[in-house]
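Protein sequences, first through last, are from chains A and B.
FYI, my numbering numbers position 38 of the first sequence as 38, with every residue one higher than the one before it.
FYI, my numbering numbers position 101 of the second sequence as 101, with every residue one higher than the one before it.
Simulated from the structure, these hints should not be mistaken for lab results.
The beta-carbon is built from N, C-alpha and C at its ideal position, and this holds for glycine as well.
A hint or two may mislead.
Cβ-to-Cβ under 7 Å is the rule here; a few derived chain A residues that face chain B [claimed, not checked]:
#, residue
1, L43
2, C68
3, L98
4, P105
Okay, here's what each chain looks like letter by letter:
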Amino acid sequence: ETGVTQTPRHLVMGMTNKKSLKCEQHLGHNAMYWYKQSAKKPLELMFVYSLEERVENNSVPSRFSPECPNSSHLFLHLHTLQPEDSALYLCASSQDFLYEQYFGPGTRLTVT
Amino acid sequence: ILNVEQSPQSLHVQEGDSTNFTCSFPSSNFYALHWYRWETAKSPEALFVMTLNGDEKKKGRISATLNTKEGYSYLYIKGSQPEDSATYLCAFCGDKLIFGTGTRLQVFP
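Chain B on its own, in the form it takes in the complex (with noise of 0.2 Å):
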């Protein structure tokens, strides 16, 4: 049985606060891991898509790493804002593609 771990499963931070999230997913077979935003009331959107061990990337404030060999993505938030309050989703590719429960976000003023 494949798992893609999420957490925590939730998060409340105050505005300015740096924030992050680990995704767990098994390290056999792995082609990608994505991260994806998910507002209340809107689409899930895409953040990043990570293929390799070492990975970093960047958005904005808000950045990511992937460590293939051990499983585990970790997403950061730097300098929270009300904004970033959403469910943040990761996804494995490999042999099946898989979702997490995702981390949901809350940050308050």
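One chain only, chain A, in its complex shape (with noise of 0.2 Å):
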């Protein structure tokens, strides 16, 4: 199995549907990480969990909820999403928090 996986890879969603977003990993690692990729901008944190607590929120709009519901998954909960909010999502695990990070796929979201 590869070590962390995401799903859906693309989601065409639009601005009042609800929809989310999954990464599971199978590393055994004790953190997981949301990031949002957008055109010409740097990697941005949106949450970390470690140990299965929220321990960092980078100021996140609320229509982003995560959840994590035990240590293999993380979730992104989206709705009423922006056409700005159209990004690459990626999700990521480390052993430890602040530990060298494990990426997935990512998914490819466009909001319409």
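Fit chain to chain and form the complex, with the hints in mind.
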């Protein structure tokens, strides 16, 4: 099994839709991360969970809602998004917070 | 405001050339500096994790140095090959986790 998987790989949604992104890691790591990659911008850290507790939330709008039910799974629930939220959303995991990260393939999100 | 800056933004070199680029980061509240390589259509992959001032790390033809007192790290590639073409990202780990904008390297045969 690959280390970090993300589903779906591509998602097109309207501004009134509700959808969820899923991330799963098979590495036995304790920390998981959500990032947003917009064109010509650096990777933006959105959320960090360590041992299933949220440890960092970088002022992300409430239309993005993370969920970490266990140390292997991380979700990003999306509702009433805006077109400017269109981006590549990457999930990563690491042995512990601030250790080297292993990234998933990303979800390319388009909000219409 | 914490900034992590990488230079140059992009770099084109011929196969066989050696090259280097820079990551500048805050010199306070430092815990670690990560380097990642991000090839097109793939996920970022960790190259190095550096924690101590004066650290030098090497992986094949790629090496990195760290100066935490002045807040910079250099990444060197010796004898660049086309397969080295990628975006190289650094990430500052301290009281915040912040990625730089990356250096996009293209190596021409």
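For each hint, the structure was consulted:
1. Annotation: interface hint on A/L43 holds; nearest CB of chain B at approximately 4 Å, less than 7 Å.
2. At a threshold of 7 Å, the smallest CB-CB gap from A/C68 to chain B is about 17 Å, leaving the interface hint violated.
3. Hint status for A/L98: holds, given a least beta-carbon distance of 4 Å to chain B, under 7 Å.
4. The closest approach between the C-beta of A/P105 and any C-beta of chain B is roughly 5 Å, which is under the 7 Å cut-off, so the hint is satisfied.
The earlier numbered hint that this structure contradicts is number 2, and it is the only one.
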